[in-house]
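Colleague: As a plain string of letters, each chain reads:
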Amino acid sequence: MEFAQFLTYGIINGAIYALVAIGLALIMGIMGIFNLAQGSLAMLAAYASFFLFQRWGLDPFLSLALTMPAGFLCGLLLHKGLFEWMSGYAPGQKLRNSMLVAFGLVLVIENIATVLWTANERCVTTAYSGAVVSVEGLRVPYTGLAAVGLSMVVIFGLHFFLKRTLFGKSLWAISQDHQTANLMGINVRRTTLISFGLGVALSAAAGAVISLYTVSPAVGLDWTNKALILVVLAGVGSIKGIFYSGLLLGIVEVLSVYFVGVHYTGVAGLVIFILVLMFRPQGLFGKRAGA
Amino acid sequence: MAIESKWYALTGAALAVAVLLPLGMHGQYGLSILCMLFLYITLSQSWNILGGYAGQVNVGQAAFFGVGALTTRLLWLHGTPFPLAIPAGGIASVVLAVVVGFPALRLRGHYFAIGTLAVAWIAHITVGNLFPGISFLTGRHVATYSLVLRYYVFLVIMVAALTTIYLTVNSRIGLGVEATRDDEDAAQTVGVNIVKYKIIAFAISSFFVGLAGGGFAFFNASYYWYLPFGLMWCFEPILIVFIGGVGTFVGPIVGSLCYVALKEIFAFTLGEINILIFGVVFILTILFFPRGIVGLPAALHHAWPRRLHGEVGERANVR
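In the order they appear, the protein sequences are chains E and W. Using numbering that gives the first Met the number 0, the first residue of the first sequence is number 0, and each one after it goes up by one. Using numbering that gives the first Met the number 0, the first residue of the second sequence is number 0, and each one after it goes up by one.
Simulated from the structure, these hints should not be mistaken for lab results. Incorrect hints may have been included.
[As the list claims (entries may be wrong)] Pair by pair, the computed Cβ-Cβ distance ranges are:
no., chain 1, residue 1, chain 2, residue 2, range
1, E, R138, W, G270, 42 to 50 Å
2, E, F50, W, A260, 33 to 41 Å
3, W, L261, E, D58, 40 to 48 Å
4, E, Q175, W, L299, 32 to 40 Å
5, W, V249, E, G148, 55 to 63 Å
6, W, T162, E, L274, 32 to 40 Å
7, W, E263, E, E1, 50 to 58 Å
8, W, A260, E, Y212, 36 to 44 Å
9, W, V279, E, R121, 20 to 28 Å
10, W, N169, E, Y257, 54 to 62 Å
11, E, A64, W, L283, 29 to 37 Å
12, W, A12, E, Y212, 55 to 63 Å
[Unchecked claim] Chain E residues, not near chain W, derived (Cβ > 10 Å throughout):
no., residue
13, T7
14, Q53
15, D58
16, L72
17, C73
18, S128
19, A130
20, V134
21, G156
22, S169
23, N181
24, N186
25, R188
26, L192
27, S215
28, V251
C-beta atoms are modelled at their ideal positions from N, C-alpha and C, and glycine is treated no differently.
Work out the full structure: start from the sequences and follow the hints.
Modeller: Structural data, given as structure tokens:
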């Protein structure tokens with residue numbers, strides 16, 4: 000029974016990892032921009048939902064209606080100001096330079112957050128924070144259930160949005176060959192701009208869930224780290240794969256806690272990561288070869 | 000030829016000044032700044048041979064630096080003399096490169112960058128879990144601590160790294176390494192063993208990064224065990240190489256001089272927000288001066304309006 004309880008927490012953690020990773024998967028996997036600041040942007044959104052809760056008692060899941068559009072606008076500005084400069088670069092160079100610029104952005108965001116809100120850890124404590132629902136002896140926290148639900152809605156929603164709508168299809172076309180896409184009459188600039196905004200808005204969704212656990216200026220990079228592992232596990236360009244990889248990582252991590260000990264959680268992640276990189280560099284769910 | 004002998008004379012003079020300097024300097028501050036300068040030159044030049052010359056962007060340098068520091072520190076604190084403990088750090092770093100890095104070299108382009116970054120990240124977290132807390136020196140070590148000795152250790156490591164890398168990039172191996180960077184497929188077609196050259200560049204790079212890590216462990220009296228694994232050690236050398244000029248031998252040296260000077264000035268004058276300004280400098284450098292200071296004369300040579308129009312095509316060729 001204890002084992003099943005561990006497994007439940009693994010699934011919840013995994014779904015949260017996936018929710019954080021989905022913005023990075025869109026921005027890096029499809030647009031080729033290595034936005035290391037993704038976790039830091041999620042951290043900002045988490046602070047936003049923390050303060051909205053503290054001042055006006057707004058529930059973090061309701062404040063999504065405010066933080067997601069704000070994240071979208073923020074993404075538009077970032078892309079206009081920084082990443083659009085690299086739109087003409089060759090893929091490898093774009094990835095490298097955007098990573099470096101994003102790292103500068105991480106330093107800026109983290110520093111501002113520390114100066115404004117100190118390095119203390121905070122979290123949102125709602126009325127239902129500690130509440131659990133018991134299913135045949137299994138204790139499942141309501142917040143965890145909500146996080147898994149939000150994660151599934153966001154990821155599968157994005158998957159269908161990209162596969163079924165004209166906008167999504169034009170984004171795939173741009174990711175394959177942006178010059179040809181341009182010749183086919185796709186507005187490359189507008190589509191990439193909006194997608195970047197969307198990617199940041201998705202991180203803002205993750206911020207709401209993060210605010211229920213721990214927020215501090217330093218958590219940004221930790222979340223980017225988890226997101227990065229998931230993007231490689233799933234395969235660059237895979238959207239649905241992010242959810243399954245998140246579950247895999249979450250479950251492997253809790254199993255390593257269960258069988259080995261809490262100090263080796265990071266090592267378990269490292270082992271799967273290196274195995275996948277060595278034997279399946281295209282990722283577990285990716286189809287394209289690693290070129 | 001005349002230009003070359005001038006460079007040799009300049010190098011010799013700089014080296015003589017560096018060797019004699021501690022005799023005439025009394026302040027601790029100046030010497031420790033110079034130690035940091037030598038450390039950054041070693042790190043950035045080591046990044047440059049793999050990232051600039053061979054085109055393999057290693058974003059995981061902190062893992063190699065950290066493993067070198069960890070090995071040296073553990074051996075040294077358990078009684079190994081430092082002239083053995085520091086090279087052991089370099090060797091440990093090469094071992095890490097063999098275990099993690101060489102398989103990763105099979106990955107092309109950005110997968111290599113992502114893979115190495117994630118390795119550094121996970122190493123940081125793992126070491127933080129396994130070695131929580133601070134590493135202190137024993138009383139015996141503190142009693143015999145000498146900054147001048149540390150200065151010479153960093154100087155020797157830097158000179159060794161610069162000499163090895165200079166000789167390598169100006170040899171037949173250097174040609175192979177650059178051919179690998181410029182076009183892997185073309186190089187392979189004409190019979191260049193690209194895997195061999197990548198491995199040579201990676202081995203040299205990780206060895207000297209490990210040595211530098213050993214120097215760091217020998218230099219600092221007390222630090223958090225995970226500190227040398229911190230992500231700044233991944234990005235600082237890359238920024239320095241970008242400031243100076245990627246894929247040029249003088250770039251990392253010029254870049255380190257500017258970087259150490261800027262960092263000190265910022266830390267003194269700006270206080271708490273110095274990292275913010277630092278981040279902004281980082282962003283502006285990458286966006287507007289991708290060729291660094293070494294490329295500045297050529298960049299200024301182009302008329303300003305022409306640069307604005309031709310920049311997309313021009314930048315695509317920048318390494």
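Colleague: Evaluate each hint against the coordinates.
Modeller: Cross-check of the supplied hints:
1. E:R138 with W:G270: 42 to 50 Å: About 48 Å separates the Cβ atoms of R138 of chain E and G270 of chain W, which means 42 to 50 Å holds.
2. E:F50 with W:A260: 33 to 41 Å: At 39 Å between Cβs, range holds.
3. W:L261 with E:D58: 40 to 48 Å: Between L261 of chain W and D58 of chain E, where Cβ atoms are some 46 Å apart, the hint holds.
4. E:Q175 with W:L299: 32 to 40 Å: holds, 38 Å
5. W:V249 with E:G148: 55 to 63 Å: holds, 57 Å
6. W:T162 with E:L274: 32 to 40 Å: Given about 39 Å between the Cβ atoms, the range holds.
7. W:E263 with E:E1: 50 to 58 Å: Given about 55 Å between the Cβ atoms, the range holds.
8. W:A260 with E:Y212: 36 to 44 Å: holds, 42 Å
9. W:V279 with E:R121: 20 to 28 Å: holds, 27 Å
10. W:N169 with E:Y257: 54 to 62 Å: Holds, at about 55 Å.
11. E:A64 with W:L283: 29 to 37 Å: holds, 36 Å
12. W:A12 with E:Y212: 55 to 63 Å: holds, 59 Å
13. T7: Its Cβ never comes within 10 Å of chain W, the nearest being 24 Å, so this holds.
14. Q53: holds, 24 Å
15. D58: At roughly 32 Å from the nearest Cβ of chain W, D58 of chain E sits farther out than 10 Å, so the non-interface label holds.
16. L72: At roughly 20 Å from the nearest Cβ of chain W, L72 of chain E sits farther out than 10 Å, so the non-interface label holds.
17. C73: Given a closest Cβ separation of 16 Å, the condition holds.
18. S128: About 27 Å separates S128 of chain E from the closest Cβ of chain W, which puts it past 10 Å; holds.
19. A130: Holds, since 31 Å exceeds 10 Å.
20. V134: holds, 32 Å
21. G156: holds, 26 Å
22. S169: The claim stands: S169 of chain E keeps its Cβ more than 10 Å from every Cβ of chain W (closest is about 22 Å).
23. N181: Answer for N181 of chain E: holds, closest chain W Cβ roughly 13 Å.
24. N186: holds, 18 Å
25. R188: At roughly 13 Å from the nearest Cβ of chain W, R188 of chain E sits farther out than 10 Å, so the non-interface label holds.
26. L192: Holds, since 17 Å exceeds 10 Å.
27. S215: holds, 15 Å
28. V251: holds, 13 Å
The structure agrees with every numbered hint stated previously.
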